[in-house]
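Asks: For the sequence shown, my numbering assigns the number 521 to the initial residue and increments by one for each residue that follows.
Careful: at least some of the hints might be erroneous.
To be verified - Calculated cross-link-like contacts (lysine-lysine; reagent style DSBU-like; alpha-carbon spacing at most 35 Å):
#: 1; residue 1: Lys555; residue 2: Lys529
#: 2; residue 1: Lys575; residue 2: Lys558
#: 3; residue 1: Lys527; residue 2: Lys616
#: 4; residue 1: Lys529; residue 2: Lys616
#: 5; residue 1: Lys555; residue 2: Lys574
#: 6; residue 1: Lys555; residue 2: Lys577
In case anyone wonders, no lab produced these hints; they're calculated from the structure.
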Amino acid sequence: MLRPLNKIKVPVHEIAMMMSIALRFIPILMEETDKIMKAQLARCADFESGNLIKKAKSLVPLLVPLFISAFRRANDLAMAMEARCYRGGEHRTKMKPLHYHKRDYIAYLIVVCYLLAGIAAGNLIPVLFNRIIF
Numbered sequence: 521m522l523r524p525l526n527k528i529k530v531p532v533h534e535i536a537m538m539m540s541i542a543l544r545f546i547p548i549l550m551e552e553t554d555k556i557m558k559a560q561l562a563r564c565a566d567f568e569s570g571n572l573i574k575k576a577k578s579l580v581p582l583l584v585p586l587f588i589s590a591f592r593r594a595n596d597l598a599m600a601m602e603a604r605c606y607r608g609g610e611h612r613t614k615m616k617p618l619h620y621h622k623r624d625y626i627a628y629l630i631v632v633c634y635l636l637a638g639i640a641a642g643n644l645i646p647v648l649f650n651r652i653i654f
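With the hints as constraints, model all of the structure from the sequences given.
Replies: Quick look at the structure:
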């Protein structure tokens, strides 16, 4: 839907990523707001009574922990994306189909031969070991 904006050099991928992250965080923030509100109500906070200014002031104990939590989650997400070497935009890698070459089949053959030799040696060694000891 935003792809035509690529023609005028708008960073469409970054905008789409920001929108999807923001949409993903909405239910998390709603849940966090509910938890904080219940905790404040347990401390006898009053969000309902008073005039508009008093109601706005009563929301400060709710908004401060909410913003701190949101910034902490955003920082954790940014660190996780950086740790996974996420690079958006043009330099983003795309999944390519896997193609087998001759050297891949040779490697498979070597592994199969190694496993067969291990199985054969595992069966032969106890027989030889029993003959030597007994």
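Asks: Each hint needs a verdict: does it hold in this structure or not?
Replies: Consistency of the hints with the structure:
| no. | hint | verdict |
| --- | --- | --- |
| 1 | Lys555 - Lys529 | violated (42 Å) |
| 2 | Lys575 - Lys558 | holds (16 Å) |
| 3 | Lys527 - Lys616 | holds (25 Å) |
| 4 | Lys529 - Lys616 | holds (26 Å) |
| 5 | Lys555 - Lys574 | holds (22 Å) |
| 6 | Lys555 - Lys577 | holds (19 Å) |
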